[in-house]
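Residue numbers (the numbering used here), protein chains in the order written: chain E, 1 to 355; chain G, 1 to 355.
Hints are computed from structural coordinates only; laboratory data are not their basis. Treat the hints with care, since some could be wrong.
With a straight-line Cα cutoff of 27 Å, these simulated DSS-like cross-link-like pairs (lysine-lysine) come out [as the list claims (entries may be wrong)]:
1. Lys288/G with Lys30/E
2. Lys314/E with Lys263/E
3. Lys288/E with Lys120/G
4. Lys352/G with Lys330/G
Protein chains: 2
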Amino acid sequence: MNFSEYIKLYKPKINDAIKLIYDKKIKSVKNAFLKAYYSELREYFLAGGKKIRPLLCIATYNAFKKKKDDKIVFPSVGTEFLHNASLIHDDIIDKDNFRRGKPAFHYRFRQYHEIHDLKKIPAEDFGNSIGIIGGDSAFFLGLEAYLYNNFKQDLNVNAIQYYEEVFKELCEGVLIEIDMVNQQNLKIHDYIEMISLKTGALIEKSILIGANYARVDDKYKTYLSTYGKNLGIIFQISDDILGTFGDEKITGKPVNGDIREGKKTCLLIEAYNTLNDKKRAQLNKLIKMPEITDIEVKEVKELFLEADVINSCKNLADTYYQEAKMSIDKLKGVINQSEVEFFEDLLNFVIKRKF
Amino acid sequence: MNFSEYIKLYKPKINDAIKLIYDKKIKSVKNAFLKAYYSELREYFLAGGKKIRPLLCIATYNAFKKKKDDKIVFPSVGTEFLHNASLIHDDIIDKDNFRRGKPAFHYRFRQYHEIHDLKKIPAEDFGNSIGIIGGDSAFFLGLEAYLYNNFKQDLNVNAIQYYEEVFKELCEGVLIEIDMVNQQNLKIHDYIEMISLKTGALIEKSILIGANYARVDDKYKTYLSTYGKNLGIIFQISDDILGTFGDEKITGKPVNGDIREGKKTCLLIEAYNTLNDKKRAQLNKLIKMPEITDIEVKEVKELFLEADVINSCKNLADTYYQEAKMSIDKLKGVINQSEVEFFEDLLNFVIKRKF
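When you get a sec, could you build the whole thing from the sequences and use the hints?
Structure (structure tokens):
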């Protein structure tokens, strides 16, 4: 089954599992504000996204099973909760009011504040407060995927260990990224380390949680792990490219945010390490400015193009692509052919994606 | 053993368990900023607080054991992580820069920003960002208390279910409190419901987690649960009284914050329900103002005193005190005498506390 066939078959089931968790909460509370809060969280979760993490968990489980079953769908949504929870907090940190073309979670409550004409707290503070708690709730609700399902307790404890471990990695990735804004002389190796934590780890753990529930032998987990981490790395590299050179109409995200925030993307690091001293100093000066004009953003992009960073970043992604492909090759004959197809197709989708 | 004997014996052990969890993290990371981050979290956790939640967990476990052992100390710190994590996020939400007479966690990173002269991000945003992630980290690190210990897996899964459940209750309590600022005609019943979630639930769950590890029979859990919830309720009622009429020098917290923020404390609700129409309208007008002067704060306090709210709140606390005491009485003969003493002493400490 290719990637889009997998989406077609499993996305409705994944959404049902998410609904189940939220509907239980909505039903359990009497307070009108809490009902509105959980409903908004549910809507935010269902509003969009390709559900790549649950799909990977399901596909890995299926890959090792002679007979498929849907028991894996419920625990597969755990990492989707973690992912969305971290997006909710990220959007507050980055002051991004929109996500997937719709209002960010905290921004929904800024709007709620305006509709209800609440006077005592400023609208922005109100939105951020509910957003902080919203992320917290979602992080924890993800645990329900492992606490209330039809698998044995030892498998659930292992899954929670992965969940806790990956949460730590994700936080560390975000922290290193924040710190990197103020660091000099970074190498591409530092960047790869950061995105492995920020993006690679959760993709990897979604796969390993699927493998855990299928009781996959440790010797195969190494290949799965490499595939997952690399898929995440490729995803982040193309995210960086699209964040500066993508088409807003296709990506649904405003471009140039990374340049404005001085984020150490692969584009910036490659440019630093390719340009001559004079041009590097010029780039450095532009990036370090607390406020940057549109003309200056354009200058940065011209320096990027001069350093041919799109190609060097695509080459970088290709190294990880080859390694991921080799890992799947090693699993051929061990896992079901229909999931070989899924893993390969997803890999090709990620390296070619325009959105 | 009375409360202070328990503190003397177990607080160093509790602190060691907290250190163990953080030191493992500090050791595992190479990045200098991450090392600073985990060290700051560790220091924040160890800086103060009576460690009431771990103590209650330990005492409950000990209460049902013929022979005491220290196995319970490690899992007892889980709810302390949850508690501190929620304080970290609360302080961002409430814009409180100090806690226990020391800088709040997010404020420590605002100071870090100033020391390191970071230019790209404003100091306040930097502090809040690290604070949001800091709370997230701490929430999750608490899970390690249940994932890596010497108890059986089924007991650990039960403990994690309590942890997830109480986290949900805590979030709901905070959300209801935020929403109550904009609600009218509240009864003391609404207040009790809110503080049961915000404060009572975590005290209760700390106890139930201790009971879980001691495999306590369900019939005794009801009494433990009532004791815990009521202890939390009494704690919050006296917190409200001290927050407006306490001595800053003793509590270490600035007074009048609740009045300024329009928080629906028991004082305010009792005053609303006691004062005549004219005075109630006057109080309402003062509380609803987005900004309130020192003179107006004083007016509010005078209206509180006119309504004799300190006494009515003390009477309210006393109802919960009696019920908690009865629950302990029911356990006499079942649990060890030294823990009967602990539970009773703690209850008396909480109802009489000045800080």
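Violated hints, by number in ascending order, as checked against the structure: Hint check: nothing fails, all pass.
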